[in-house]
Amino acid sequence: MDLTLKVWRQANAKENGRFVEYKVKGISSDASFLEMMDILNEQLVTEGQDPVAFDHDCREGICGACSMYINGRPHGPDKGTTTCQLHMRRFKDGDTITVEPWRAKPFPVIKDLVVDRSAFDDIIQAGGFVSVSTGGVPDANAIPIPKRKADLAMDAAACIGCGACVAACKNASAMLFVSAKVSQFALLPQGRVEARERVQNMVAKMDELGFGNCTNTYACEAACPKEISVANIARMNREYLAARVIAPND
Amino acid sequence: MSNLRLKYASITKKIIMGVMGLFLSSFLVVHLSINLLVLFDNDQYLFNQAAHFMATNPLIQTFQWVLFLAFVVHIILGIVLQIQNWLARPIGYKVKGYSEQSFFSKYMIHTGMVVFIFLIIHFANFFVKAKFGMVDEITYPDGKTVDNLGILIVNLFKDGYYVAFYVVSILLLGFHLEHGFQSAFQSLGLHHPVYTRWIKALGTLFSVVITLGFITIPIVIYFFR
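Residue numbers (the working numbering), protein chains in the order written: chain A, 1 to 250; chain B, 1 to 225.
Chain B on its own, in the form it takes in the complex (with noise of 0.2 angstroms):
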């Protein structure tokens, strides 16, 4: 059998988009333990703590850029496929397909689009501001000065048109989740006669906590603050 040279290698690119997927839900779990303690309190001490230990830590720090790193992968990859996709049916039909088992398969270019666009202003509203400088300091009764990181969510999420566009893009990373949890698994061959239906339940899980938890905040601040 003579080797072809390996040009293209879809699998490839596909095992690397699972394996930055579970990386990038693993970081949705701890960014959504942090957000939920916002809730807590009324002067915000226990998320201001977390977000302080998040940002002087040097493992976080450098794992944050790792985590950068896989959303830059996870994003142009995703791109590159989904236009090879395009590609390879350059005419389509005239009935559309439907017998898809997965249906938010369908639309994760779009469902990632949103995720994408959402992460941009996300990065602007609280990442940048943290880097440079441009969040007030508080004080603390027992003495920690820290940068009051949870006083601007909590002014975000009294204007309503930012809840509506938080609520509608962690709905649409919902989705995104909901396909990409159990699909990761498929990509890297991880398919079981028995494990893989609870792998799809607990995909399915994963999605709703993420999603249940990261809208109940704004919701919460919203109505009730």
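Excised from the complex, chain A in its bound form (with noise of 0.2 angstroms):
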């Protein structure tokens, strides 16, 4: 299939950037849209022009590193998938496809469609652990946990952190990423311990970094490559209502 692709170019962080077109000509339906993506490159490498910076790692669908907005969605337009795990079968011969980088104040584009994710680590090292400085490691079964909250925090724990949600939002907020994290440790006894502080640090640094606020639009929910739930928005509000004025020293 032949393809016109309209990708955001930006030589780095300071420049200005733009949208760029070109021409891509006998793609397989069977390639991935990375796949498409590296074509378009060797043909621009042969022509000698720079080529289109992208994030990308296990092409697995797995890892979270690859982050495009597709046709005004983010990893495009199939539901619960990350980018490399969308392929050409799902657009037209004669398409336009419209790229774009995750955009959101903290997630600056450093180079095209690379941006710097670095805040979702900022949140993390914010309270997304649990503090255990030594010992050996622990019998598997020396804590029991029931089997629906034991899913329920590996639903939450499936996030891989790819930004999509922030990407999705009108608000570009992060409550659905910080809002998993806070939950996957919420919801064993654990993490437990540390619940009620990790929330609102969590939360002050995800407002710090200028993320915005949560309209309860649920687009995040729609663009979750792991379909992460709302319901985990919800139990942060719960978690944070609760660490703030119903029992703080709980």
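There may be inaccurate statements among the hints.
[As the list claims (entries may be wrong)] In silico lysine-lysine, DSSO-like type, Cα no more than 27 angstroms apart, as pairs:
{"#": "1", "chain 1": "B", "residue 1": "K94", "chain 2": "A", "residue 2": "K105"}
{"#": "2", "chain 1": "A", "residue 1": "K6", "chain 2": "B", "residue 2": "K94"}
{"#": "3", "chain 1": "A", "residue 1": "K105", "chain 2": "A", "residue 2": "K170"}
{"#": "4", "chain 1": "B", "residue 1": "K13", "chain 2": "A", "residue 2": "K170"}
{"#": "5", "chain 1": "A", "residue 1": "K105", "chain 2": "B", "residue 2": "K96"}
{"#": "6", "chain 1": "B", "residue 1": "K94", "chain 2": "A", "residue 2": "K92"}
{"#": "7", "chain 1": "B", "residue 1": "K94", "chain 2": "A", "residue 2": "K170"}
{"#": "8", "chain 1": "A", "residue 1": "K170", "chain 2": "B", "residue 2": "K106"}
Note that these hints are calculated values from the structure, not bench results.
Hey, can you piece these two chains together into the complex? The hints should help.
Following this line, the structure appears as structure tokens:
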């Protein structure tokens, strides 16, 4: 299939970017979106031009590195998939595809489609861990955990921190990401110990970094490649309310 | 884990927004119930009696200030939140996103602004006049003398332009409520695998009832009185 691509090109964080139109020909419908981008880049290199910079790593849909905003959707039109798992059969011959970087103040563009997502690392450093300084590996079954809670924690822990929730949100809010991280710990006894402090610190960091507020639009849930539920946001709101007002010392 | 100073609190703001929103929604129910009385007789007796009760009852009069405060907090916080949201994405997308699941959530600031303008005009038309004794009194055959607020409504709703403005404003209020009602529960952390569906349905029903209820009054007065 032959396609027209409108790709955001930006030399570095300081310069202004712009959309550049490229034509790619003879793309197989079995190719992945990133393979199509590879073909475009080979073409550009052959022509002596600068290839399009984009983030990618595992290309198996598990790492969360790829991050393209394709035709108005983070990770493209497929539900519950990352960009690397999007295939060209989702498009038609002759289509024009617009590819943009994630847009959010805390995610500045580094080059072309690559954004700096270390704001998420800062949030994790503010509380996304369990403080255990020393000791051996505890026995797996020493602490009983209800199956339902283990499942919910596992669902929340499925978040790969790709930032699609921020990209999709009209307010560039990071609530889905932060709530998934808060939830995965708050639901388990090991994480419960620091749950009250954690939620306050992570939310404070999230706000400080300049992410927007949650309007409960739920675009994040629709865009999430791991289909993290907005029930996690409600859980974080509950945790926060409890930590601040109802039972701060609990 | 070190304690960061809590300079910001997006969730706190949202929780307050939700609580105020639900409180204001309860006020709408009371307001609509009283307004509907105007349709039940031709001399606005029922409505004027109810309005008189509301204007003289000490509990209602005290709560009026709570209500006023709720409006102010809801409006100011709404604007603050919106400005922060705009600042969070200084460069927008070329292709606008369309993956939202609650359509009216995108237009809360716009519908809210129209309702706010409506509120100011509404205040000038009724509240200020009632407070400063600019309303004529009426004595009914049973000897009761009250402010004739009812005739103010009837006269205003004879004006086609005002009716159109009123209907459009209420419609936008309905859109505001459709998202706001269920959103408040989410902000308060009340999400449930079963009940959330019912809360959303209740929110839609609530917004439809409130909208139709308020719109019925000017339509009936304009066309049938």
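- Below or equal to 27 angstroms on CA atoms is what counts here, so check K94/B against K170/A. holds, 13 angstroms
- Message: Would the hint linking K6/A and K94/B be met if the CA-CA limit is 27 angstroms?
- Response: Between K6/A and K94/B the Cα gap is close to 10 angstroms, so the pair holds against 27 angstroms.
- Message: Check the hint pairing K105/A with K96/B against an upper bound of 27 angstroms on the C-alpha distance.
- Response: holds, 17 angstroms
- Query: Taken at face value, is the distance from the CA of K106/B to the CA of K170/A at most 27 angstroms?
  - Reply: Roughly 8 angstroms between the alpha carbons, so the hint for K170/A and K106/B holds.
- Item | Proposed proximity, K170/A with K105/A (alpha carbon, max 27 angstroms) | Since the Cα atoms of K105/A and K170/A sit roughly 12 angstroms apart, the hinted pair holds (cutoff 27 angstroms).
- Message: Between the alpha carbons of K94/B and K92/A, is the straight-line distance 27 angstroms or under?
- Response: holds, 21 angstroms
- If you draw a straight line from the CA of K13/B to the CA of K170/A, is it 27 angstroms or shorter? holds, 18 angstroms
- Is K94/B within 27 angstroms of K105/A, Cα to Cα? holds, 16 angstroms
Checked against the numbered hints given earlier, this structure breaks none of them.
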